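Chemist: So the chains spell out like this:
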Amino acid sequence: MNGTLNVTPAIPELFVFTMACVILVVDLYISKEQRAISYGLTLLTLGIGAMLSLLSFSAEPVFTFNNMFVDDALSDVVKIAICVITLLVFVYSREYIEARGLYKGEYFVLGLFAVVGMMVMASANHFLVLYLGLELLSLSLYSLVAFQRDSELATEAAMKYFVLGALASGMMLYGMSILYGLTGSLDIPTVRKAVGGMSPDDVVLIFGLVFVLVGLAFKLGVVPFHMWVPDVYHGAPTSSTLFIGTTPKIAGFAIVIRLLIGGLEDLHGAWRDMVIILAVLSIATGNLIAIAQTNLKRMLAYSAISHMGFMLLGILAGTPTGYSAALFYSLIYAFMSLGAFGMILLLSREGFEADELEDLKGLNQRNSWYALLMLLLMVSMAGIPPAVGFFAKLAVIQAIVDVNLVWLAVVAVLFAVVGAFYYLRVIKLMYFDPPNEDVPAIQAAPDLKIVMGVNAWAMLLVLPWIGPIQQLCLTAVASVMNGFVS
Amino acid sequence: MDAHLLSLVIWTPIIGGVLVLATGGDERAPIARKIALAFSVVTFLFSLSLYSGFDKTTAAMQFIERAPWISTFNIFYHLGIDGIALPFILLTTFLTVIVVIAGWQIIQIKVAQYMAAFLIMEGLMIGVFSALDAILFYVFWEGMLIPMFIIIGIWGGPNRIYATIKFFLFTLTGSLLMLVAFIYLYQQSRSFSIPDYYLLPLNINEQILLFIAFFAAFAVKVPMVPVHTWLPDAHVEAPTGGSVILAAIMLKMGGYGFLRFNLPILPDASHALAGFMIALSLIAIIYIALVALVQEDMKKLIAYSSVAHMGFVTLGLFIFNEQGIEGGIAQMISHGFISGALFLCVGVLYDRMHSRQISSYGGVANTMPVFASFMMLFAMANAGLPGTSGFVGEFLVILGAFKVNVWYAVLAGTTLIFGAAYTLWMYKRVIYGAVANDAVKALSDASAREVVFLSLLAAAVLIMGVWPFPVLDIMHASVENLVAQTAASKL
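Which chain is which? The protein sequence lines are G and E, in order.
Numbered by my numbering, the letters in the first sequence go through residues 1 to 486 in order.
Numbered by my numbering, the letters in the second sequence go through residues 1 to 491 in order.
If we strip away everything but chain E, and leave its shape as in the complex, we get (with noise of 0.2 Å):
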């Protein structure tokens, strides 16, 4: 079983997305819940035992799977994963059972297609983490654009046609490069094969176009400044589900595409365009937050506040050293935790107020107490709080930031005090005070559902937050292994 893990975790919610769909309209929605959610707790089951397996001391790909799929390209079914991509593999199947519990009564419509939607896209998520084939990789990566095309335009809020068009054509337009860019590889390569791309020397001219190619497809899906327009569009149209999946996932793949593909591939064009990438970086941790600030609608709020924190990443990523590598990774996985639990906060009162305005809230505390406080951790995480996940990435990153420049340091740490600001400023406005009107008073506290999935989130902010060594661990020889590549010059 160990030989085909990897498939197994892909296809098992593949599959089970096709046998969801296939129990058709809305009258049998129960079955349709049921299947899915058990479906989506045993590939989190199967990705656990991914851990289990994993060998942490090597970093060397794992699991690795590998058989010729189109000859005439040297295209292969190839699998494998190493530190970097296992965790986001664990965090994708925890979210995905999550998601599936918070769409239990929510979603009355289509049931079906809702859950097959993201059961396939979590197998093809998971795909995109572990493909070890451009091409294969290619084709997780955009067949995952439509399964959330539709979550988007079928569940989402009033303006969702505009919002998931321009989702989806601006991630294609980025994509498509990225495709040029493989086939560019292939051709002085002839191979599909991202670690032979590892190997390959490349000038510098051909590294700074091909680091464009991709910048165009991680940019975007990161989001980075100025391409990040989509994003709040998108976030404020998605249903809850989809939300916690962008910001908590697909966010994510952008950093972990510059990890697997600019960083190791095109060492020299990273280094060449690093004040770039560090400036854009800065960009969003400081003029983003600033915007967020003065949002009125909480999920727009939230997703600026994601733009920000994927800033951070970004700037982890290429300040080149093994505490901004990790802290990077850390910070991804501890925003997938915190914006996904945001989300869902946005959603716990959206389903019962029909507001996602700041305004219409206020005194939620009285009325919701258990709730507050779940509300309130989430908040101090995305702020940063020691002791929850969101301090670990932010300072390790700072930390890697004054090894290399000073300022550089001080300007992201400027995020402390506006993530503060923004966050906690929405919590007061919306949770304390007096009462704000009837429906807040009539407000009804998490039920037992609600609770249930905010206290998974919750176990495992903490968790993340009071012991990181667990996910700093697994990916530690990795990312030792990335910082030398990316010190290595292909000149």
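The shape of chain G in the complex, shown without the other chains (with noise of 0.2 Å):
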């Protein structure tokens, strides 16, 4: 590397940045009324760091930073995917923030500081990068979470995510210690060539990434580290949930992907299994204990450990397609997980928060049109054809029986009955149950309305897409690859 320093390959991170540092301080020269500038501003943000992210699209990785940083053809899809969703996460919340009076230029500014932080982590090639990123992530969504401060439930989840996001912080940079102890470097490609040489028995070794994968367990909410997750998604404000079960789920993917694919790939046969005790644990969890949840905030929390075990099946099947069905997954997932919060939040009125599964009760007498678009969502989440999560469920099955764990696609695929019961149960309360007298009438906002139908038809009108969308994917992972040799 020579001595100029070349930025290029990071300047949707350093607009994204610089942005967010503008809006901070042009929101302290507006009055309330004006607050629609840094709305605005944050949404053209976010919509020109898609664009600036699009630009630099390449298939060839282009490292910067000494190699500290690096852009490939992974780093891009996530990170447009990352700002598209964010965007559409603020037109979600703009309505429910100003009704609780949440809104302010610091929401946008943590949002913004977050979504850097997600961007950061999908270029790592660093494990100190990584680390920079994941902090910066996830102060912000403590703060997010934490953003209604009057409220009790917020401050409590508020509270435990930061107790223990930090302890899995810890652990995390504990195990990237031994990693360099072992190693002498951080650098990911580095260590890579350093574990390869070593073997894969050696029990300081198998220490630090047993210390990385709990951290890493840890930040994606899976068994036996979820215990935050419910609590977390129940008791942060719903826009501040909508951010937390969306976007950090592709930055999650991203993270494993560099460190335990980039930086230790070569102790597959090591942390195959401990992933598949996570995988089978989480998918198993997290959809029989939806079955008792009353609270559609606290059901989509399970729903989304149950997801994230179905996303680590096509990450432990430990091939290209696999990890290329993982990203597919969590992409998918994002978006909808994005629609069902969203309901919630178009759901919601001013003093009336519609989470709990009764308020559900009779919308297609009350809204047939939402309660179709509902429908579209559950049944995607469920897995059942021919909405677009089903596709996402054969990807990673098909990768895991493509390494022989056929046993494992069974259990994966019976457990996906179970979660489809209490999927069936949100249509059911929809569809078959006469409406609470006392619920107040549903007015939404025009963009809200828009976003909401665009976001549930996807799951249907995306399908003679699905190819394509794949076939990124298998380029970003193959790119990803690509830089390890290189």
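No wet-lab data here; the hints were simulated from the structure.
None of the values given here were measured: they were computed from a predicted structure.
One or more hints might be untrue.
[To be verified] A partial selection of chain G residues facing chain E, derived with a Cβ cut-off under 10 Å:
id : residue
1  : 369
2  : 383
3  : 402
4  : 420
5  : 421
6  : 433
Quick reminder that beta carbons are idealized off the backbone N, C-alpha and C, glycines included.
With the hints as a guide, bring both chains together as one complex.
Modeler: Printed below as a string of structure tokens:
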């Protein structure tokens, strides 16, 4: 690497970061009524951020900052998805936060910082850069959870999230330090090379691996490191839940790719069995406990746990097809989750949270259009064709059957039936039960209505393009693999 | 147009369904009904041109359409039909028209959603019968569950929610195992094309496991004993139209699945497990017929009678000769007409009396003579009277069974006694005798609309009974080919 600093690969991050600072300052000088300026600027930033990532798209990885930062197809796909989804998150939540007095500049700035954190994670080629991105994301998220500061539930959730999150970060950092001690480097390709030369039975190496994996499992929220997920999803203002439940899942996939597959792929034999345990426990526990929930946000939290388990199936296959299936899964999941939490926001009113399952009762009679949209989302989450969620599950199951883990496929599939039950119950409540009498009428802003409609119908309308999207995921994964070789 | 005829038949009703849905609330119900009728009739006409363009002399797939869909997994939008699929498609398009007419006045709430659900389901069912790509097949197969779930759940009887969730979870469990089977076959062949699987060599252990996976999906759908328990619940609770489609078409998909997958892809496992399948079929024929005998609810009685008749179908399929398989298919088509008609008859009575209990009726012939004569015909057909469509399939299956084992034929033949017993006994108690109570006295005979759909079905039952040749002729070449495939060992 020559002496001049090439910043081109990092332009999207730099742009979003700069804009976050600009919005922070601008927001100080505008009145409450002009808050729409901050909102508009935020959307603009995210839109341009996505465009910049798209423009820098190349299948060939480009390294910069002394090889600490990489811009490859994977990072571009992840960044585009993160920017687009976050943009939608803000559109979904505007009305909700306005009604609850959370419509403040900091809300947008924290969201943008989280986005920068995720973008850095996606591009990290060095353990410390990765950690930096992760902490930027986590700290922003802690504050977003605590944003409704006079709500006890939210404060409790933020506290839990912070304590457990910090513990997880510590574990991961400890794992990284062990790896550093063994390999003498924090640079991912160098670690990879060094690990490749070691015995896979090396106890210290496995020790480091376990700590890294535990940290990852905490961040992804998979069983048995999932305890924070339901409480945080439930306690946080729904607008923050919407954010936590979508983009960080994609970013989580990105760090799994960088850490586990980038750095430690040669230990696949060792971590495969651990990940199998995590995945099976998550799919089983998530789906079983979700049945017992009466709160929609908690139900979706347990459903998130099981979905992360499904995503891990693709990872543990240990093949590029598997990684690409996992990427596809996390992208599709983010959009499904976006729609489902979006529906809660849409049905909520000032002083009324539509987050109990009961609140969905008789939705078909109150408004059959929204009931249909929620039906599409639930069917997709349950993985019932023709909705796109099915193809996500198909891809990961196909990947594990390919490596002769047929039993695991059968287990996953049987728990998918258990999962179908609670999604069906949502459909049952909406379609078969009479509405409660005291629910407020549904009114939503036109932008929210449009986004909701497009989001839900996308579950079907995207069908003809599944092939190209999966191709893109394969390209993204292949480009990461190329990066290791070069 | 010929090149895309199958797509047209699949997508016309689905698009129609979306349009009907778009009409919105019940204040525009008359328009919703008319659009639904128009689309179902047009679909039926399209399916007739499938019939007229069909070449009966070949067993090859016809009206083939093939376009890449998900290239990363070699999934194609691949459609085509042979002589086995065509009769089912015609049955589907015909019955959907009947169901739309039957629901015309009965359904007064959420009319648009009701009609749309049936139209969308029609397209998906035709898709099941014409998909030649395993994943496409699976998408149609599962997609169908959601409209049915909603039909039973919204317009069903008092215990509808239990029934519809049971129906959904039973079928979903079976189907997901089939999905694993498809993925396994893909791993072996790198293709999701069903015709490719016919040539794929598989050892006996693989075949047995795959057979079990497919069995899980199709046996639940047929349904075979002991996984038939969802059916009486679903039938009793479903609205009339739902029962008709469930009995007349959805059950047939199980039989169709055995024909399309188990027999040709897994010939050795089919032979190895034939004894098991025949035993389950005979249990269904005899035991379930006895269960039907003691039912007090008319819909439940017909539901159990369906299970018994489907036992006949699976018996016919697993004796592996031409008569058996042709008889099985003929039985499925005929049972489609007859069970549909019987459920509609019960519907006609239920709409007037709001009771399905046999004991609430008696002497209906006195007040509803026209209706009574229609129901007489269908009851006779259900008992397998010669001259009705019910006779053709049963006769062929018994004939085929004789060739294999006299005892199969003798045991299967008991259906002629039991079938007559439970159907005619029910008929006697409901229709004949003195007028049982004031409610029966006040009954009005079948309306013009009811006469229309009952006579359409009566015509179908009689024509197929007197002159089954066209139906058998269509499937003959394909069945011959299937018998040859099943006889050829893959080991």
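Chemist: Hints numbered earlier in the text: which of these fail when held up against the supplied structure?
Modeler: none
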